[in-house]
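Number of protein chains: 4
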Amino acid sequence: MAGWTSSGAVASDTEPQLVDRGAKPSGTVVEVRGVQIGGRTVDLDSSPCAVESAEQLLATATAVRDSGAAILRGGAFKPRTSPYSFQGLKEEGLELLAWVRRETGMPVVTEVMDTRKVEEVSAHADMLQVGSRHMHSYPLLEEVGRSGMPVLLKRGMSATLDEFLFAAEYVLKQGNERVVLCERGIRTFEQSTRNTLDLNAVPMLKRRTHLPVIVDPSHGTGHWWMVPCLSRAAVAVGADGLLVEVHPDPDNALSDGPQSLKPERFDVMMQELRPVAIAVGREISAPRH
Amino acid sequence: MAGWTSSGAVASDTEPQLVDRGAKPSGTVVEVRGVQIGGRTVDLDSSPCAVESAEQLLATATAVRDSGAAILRGGAFKPRTSPYSFQGLKEEGLELLAWVRRETGMPVVTEVMDTRKVEEVSAHADMLQVGSRHMHSYPLLEEVGRSGMPVLLKRGMSATLDEFLFAAEYVLKQGNERVVLCERGIRTFEQSTRNTLDLNAVPMLKRRTHLPVIVDPSHGTGHWWMVPCLSRAAVAVGADGLLVEVHPDPDNALSDGPQSLKPERFDVMMQELRPVAIAVGREISAPRH
Amino acid sequence: MAGWTSSGAVASDTEPQLVDRGAKPSGTVVEVRGVQIGGRTVDLDSSPCAVESAEQLLATATAVRDSGAAILRGGAFKPRTSPYSFQGLKEEGLELLAWVRRETGMPVVTEVMDTRKVEEVSAHADMLQVGSRHMHSYPLLEEVGRSGMPVLLKRGMSATLDEFLFAAEYVLKQGNERVVLCERGIRTFEQSTRNTLDLNAVPMLKRRTHLPVIVDPSHGTGHWWMVPCLSRAAVAVGADGLLVEVHPDPDNALSDGPQSLKPERFDVMMQELRPVAIAVGREISAPRH
Amino acid sequence: MAGWTSSGAVASDTEPQLVDRGAKPSGTVVEVRGVQIGGRTVDLDSSPCAVESAEQLLATATAVRDSGAAILRGGAFKPRTSPYSFQGLKEEGLELLAWVRRETGMPVVTEVMDTRKVEEVSAHADMLQVGSRHMHSYPLLEEVGRSGMPVLLKRGMSATLDEFLFAAEYVLKQGNERVVLCERGIRTFEQSTRNTLDLNAVPMLKRRTHLPVIVDPSHGTGHWWMVPCLSRAAVAVGADGLLVEVHPDPDNALSDGPQSLKPERFDVMMQELRPVAIAVGREISAPRH
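Chains as they are written, first to last, in numbering that gives the first Met the number 0: chain A, 0 to 288; chain B, 0 to 288; chain C, 0 to 288; chain D, 0 to 288.
Just so you know, these hints were derived from the structure itself, not from any lab. The model shown is predicted, which means the values in this text are computed figures rather than measured ones. Be aware that one or more of the hints could be misleading.
Put simply, identical chains are the same to the list, so a pair is met inside one copy or across any two.
What the hints assert, rightly or not - In silico DMTMM-like links for lysine to aspartate or glutamate, alpha-carbon gap of 20 Å or less:
#1 Lys23 / Asp255
#2 Lys205 / Glu90
#3 Lys89 / Glu30
#4 Lys89 / Glu271
#5 Lys205 / Glu271
#6 Lys23 / Glu91
#7 Lys89 / Glu141
The whole structure should be built from the sequences, with the hints applied where relevant.
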């Protein structure tokens, strides 16, 4: 059993085991309802940060799908620093996500923050996100592990890469290796960006683990105008995918407007990304328009 | 209702409301089964990091009580970076804590990490700890808020003081203002100490909130030999209490041995703390030996 | 010779040698024109951040001397982030310092930033300060080492304690062991204080080196109202001295007003510090009023 | 005059003036003996970290020149944390650099750490480097400004981008706008890389200033195997050049071996960079073999 040698002695607790690259040198491809993450194609997951209404969600989903985005992310339960900030549409948001999934055919990923909600969220989505604030929440990691669902695991705000890999290990230890790691910026002294997107993490993680690694330049920088060039950098450094926030009307977004691209800018970004992907031997899925 | 003005307009989400010093200028005293935190007496909460056995727990509890410790902390559910590290005795650990509580008369505080466990843990303990890894877990904060139990809220590893206060606000918003804040060191570039104990946080928090603020020099430094002098500094800077790890046999502790004091050193430390407390107009409860 | 064994092999470059506690277990007392730093008495060095005028400097010096301050610090050459900020009175500031030294009898410490100025500054002051911005400037450290003057070495903004000790080693390697280390806050993600005063550094440095260690709570916090309680904490944690900014009119200070105490508050602070010093077996020099 | 309005009022000290993008929207191209930095071509500056011997230097220079490197960097005066580490060949190193410059025709950049050495170093090199440890050393910045030489200014270990721009402002204020900024990694809690290369800095700096911005992935990561992919990312994000350490025998390098590429790996890296540069509308100078 994981973590235990056949003689019953406990395995070392200083190195993750199941996520280690040596355990699967060829690398893991995580499939999310037909979309493969970790293969030759660099996947674009795109989203409004929060699900606000049916129109907003469908408009965004259709636009990003037509630009080539493969997976739709939308927040139904939103972790917000202040209890007075918009907390998401919750159950209603889940219903909207499931509806848009049917309308667009796109697989859907959404965050779960509470062990009690894992089952319900699993019934409405194709992939569960464990956000930065919960990367260290081991009961939650075990519960999403037991669900068997694909898991999008975001790096904690100041998690070392060791801690990040151990967090994934908690999921794999439940028999679920459908885990995608997401670098989303770390907390440093620098305040001109919301976080410091740590692209060093991508090659370091790819060397140490067989799991796919994607990058979230929207949270990583906090500025929409930085997202395209950091996205190019992320593809160039070897990321297996991108998670980019898109909103039809960023100025009036209920959450994270300043870091959201408009759909038309997202489309331009996608076109600019293709040659970079090709330059490093990867490709980006074709737009449907 | 909290966060909403009587006209129905939403309150600002950039400032916490209920925890604000202005809401209760005289300061809150949190009572935990007869022990008052936040008054003139600086409270000592002491603990083995993890509950390992009945003997270990009772021996430690009796010793620290006789040295003047008021509250016993013990970990039944232990959040550990590696899933292969000792995870605590769990339900059995809760039973042991409840037993030692009866034997010694000391109130007991223990950590809860899972919303589904709040009720069970509340039945065995006098105070619930929300640890650093879960400070950003809003569903958990709401659940411990609803429990009505006193809450020991530890600062997240890289949480700003704003985020720390907002985390407490989540608890108070449920109608529970029995919250004690605990500074336990932040994550910095400096690696000679486990964390960087941030004593600046104490006066800054005391100015901004009416809640009591205590300090954990054991996690804050990671070195047992640093605990006595940082404890003196914490009392001098105005902390309302200390959370200190004590273990009868640190070399063989299942968790956090290097930062645990032996009971006899803890006793010396208590004696050295008294004149410091008096020098700043506070006192420390008398030893019972 | 320092760093070389008798056989000519180079000494390890991973550990400082001359500053090591083992090289002088009893500890070094640095004498600055009659004032001893590192002995039983906790020294108070006090200063306006910048020398602005003869009146301001003499008024401050007289006031802090009467409250018990032993050494006067004043900035003649001021390192400022912006070239458009007040850069100090330079040579004129040195003359003013030398004049106030004569008037008050207090030894004077001032910063030197340029190897070419070491001789001139040495002629006007009793102690040379190497500031945070120059802690890594090895040619400057060697030059102040060669001067034979007492050196006040401030920790770099993000210097590890290893780097800090090696910086001191550069001075001692020139045959000058009159070095006083000063913790002044490190750079972290936390923005509510100007820096994060790292009091853990005090016991860690005292264990590793025989050099005296003092604390600058003014730069360490950036808020004058935090200075008294962090000063108490610094004394309680074992600091050999304090460096505190005082200004007769903080609102109109040309530099660092928000972190400067008024002389009358400094006097109150000194009175509050005495019992804390006594509580930890130290003393603070008596006021002269 | 810079920083003063015509009415004599002092300019704001909260924003740099001369380096501001608005002062020269088209961007500055810095010419270093025929090589242009900041134009369409992404320049490769390559170097052994320290100059060790004539053979090592010439072999490295010839190899990297043949792979397309435009400028040679070599350390004659080496700032080392420990005074017992190799400190560079100093004056002899300068002579060697000047000799290799003649032999290869490559312009040479080397570090200066002492105001007293600016003239001498200027006589032997084509560009002066101000290293991370001296970014805050304003007298040095002013002296290199007055020299009129092109300046390679590296970001301080924990310098904010504001401070970085102000450091450049000190140089420009002396009438010298031949400044190239270099991102080289910042200090964070993450310890698996030597520093955290902050690629967010590139677009943020390019937006705020007209000066060219290059990237040093060798110091930024500390691992030679990470250099190629971070170099690709740096080009993709918009860097105007790269500074890459190359050593013919990294295992026996006197400084920074673990982060140095062998010449043959550097050549492969250059070939891989070309399509990435083209993908973002740039080019890389052709190899001469």
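Hints versus structure:
1. Lys23 / Asp255: Neither way: lysine 23 and aspartate 255 sit 37 Å apart in one copy and 32 Å across, limit 20 Å.
2. Lys205 / Glu90: neither (36 Å within a copy, 38 Å between copies)
3. Lys89 / Glu30: neither (26 Å within a copy, 35 Å between copies)
4. Lys89 / Glu271: neither (35 Å within a copy, 47 Å between copies)
5. Lys205 / Glu271: between (24 Å within a copy, 19 Å between copies)
6. Lys23 / Glu91: This pair counts as neither: shortest intra-copy Cα distance 40 Å, inter-copy 37 Å.
7. Lys89 / Glu141: Between copies, since 15 Å is at most 20 Å while 22 Å is not.
Figure legend: structure checked against the earlier numbered hints; hints not met, in rising order: 1, 2, 3, 4 and 6.
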